[in-house]
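Q: One letter stands for each residue in the lines below.
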Amino acid sequence: MLAKEVVDVIHSPWCFIEALEERYKKELEETWAIRIREFNIWDIGDEKMNHLPHHISQEVKKLRDPHNLEMRWHAGGSIFFLNGERLNVSSSLKWPQIEKILEERRGKGEN
Amino acid sequence: MIEVKEMTDEYVFDRCPLKTPLNPLNLPEDTYLGYGKRAKGVRRRFFQEVKNRYGNCVLFAWNDNEIIGFLIFLPKTVARKIGLKTSSNDNLLHQTLQYVCMQLVSAYRKKGVGTTMMKSLITWAKNNGWKRIEAHNMRRGNKDEDWRWGWALPKWMSMGFKTTEQYELDFLNDKIQVFSVVLDID
Chain A
189 MLAKEVVDVI
199 HSPWCFIEAL
209 EERYKKELEE
219 TWAIRIREFN
229 IWDIGDEKMN
239 HLPHHISQEV
249 KKLRDPHNLE
259 MRWHAGGSIF
269 FLNGERLNVS
279 SSLKWPQIEK
289 ILEERRGKGE
299 N
Chain Z
-9 MIEVKEMTDE
1 YVFDRCPLKT
11 PLNPLNLPED
21 TYLGYGKRAK
31 GVRRRFFQEV
41 KNRYGNCVLF
51 AWNDNEIIGF
61 LIFLPKTVAR
71 KIGLKTSSND
81 NLLHQTLQYV
91 CMQLVSAYRK
101 KGVGTTMMKS
111 LITWAKNNGW
121 KRIEAHNMRR
131 GNKDEDWRWG
141 WALPKWMSMG
151 FKTTEQYELD
161 FLNDKIQVFS
171 VVLDID
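So the protein sequences, as listed, match chains A and Z. For the working numbering, add 188 to where a residue sits in the first sequence, where the first one is 1. Note that the working numbering gives residue 99 to position 109 of the second sequence, counting from 1, and the numbers run on in steps of one.
Derived by calculation from the structure, the hints in this document are not laboratory data. Accuracy of the hints is not assured; some may be wrong.
Claimed, not checked - Calculated cross-link-like contacts (lysine to any residue; reagent style SDA-like; alpha-carbon spacing at most 20 Å): (1) A:K213 to Z:R28; (2) Z:K71 to A:N228; (3) A:K250 to Z:N79; (4) Z:K71 to A:M237.
Please read all numbers here as calculations on a predicted model, not as lab measurements.
Generate coordinates for the entire structure from the input sequences, incorporating the hints supplied.
A: Below, the structure is given as structure tokens:
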């Protein structure tokens, strides 16, 4: 059996509007045979950083760097990854865009 | 009459954007998928926790019994923790408030309510021992633009803020100038 693809999402409480209701989350997971993992940046204390997937901890460090200017984040919106690769999706209603990316990649036989 | 008041435990803010006046005693059902119960719960818990720890983080503009505007602010350390833009100057780090966002129902814009909310924030900061307020602004070409529904640079300056940092960055093939502005509170 193939391992499920993993969609990771970093939410800020600021833009947690993209957090899915549990039933929609389950629907998406079942429809696309994916696993969705969500991370709330407010809940991530320094002590937790070492236990996070590497790409998540790196992104969180970047977001907390005062020299960093993450325009998409500041404009609102969560940050999405597919199998550890950061996805370049625009700042609102990202879930439909994620579905489109999955559809395209699977259509091309990439995954 | 419009009054600006601190958020209280009776209604902890749970939504965004504010498109129509909001009566906390009769909250409308929010049908937008993106604003489900779970998202509201997270926002509410976040604002409640910040309020408990630091005193407050939201001012509301009220017209009678309805909220027609809000201004959100956070301690700079909290703003940085959740990944919001903060200036790299860490003087007074633990005594600095970060302007985060301000919105008004459209019918109440351009009537000085935003200015009143900002003045209320300055007073609140002073009364609660904060020494500095920080905000950000950007300029694209010759045009000043707001940052998180705040003001263009001249308006910040008119409120007594001073520019402290300036960056340039590429954003979608545009060169953008980003300014940090601060107000030191006497």
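Q: Does the structure break any of the earlier hints, and which numbers would those be?
A: Of the numbered hints given earlier, the structure breaks none, since each of them holds.
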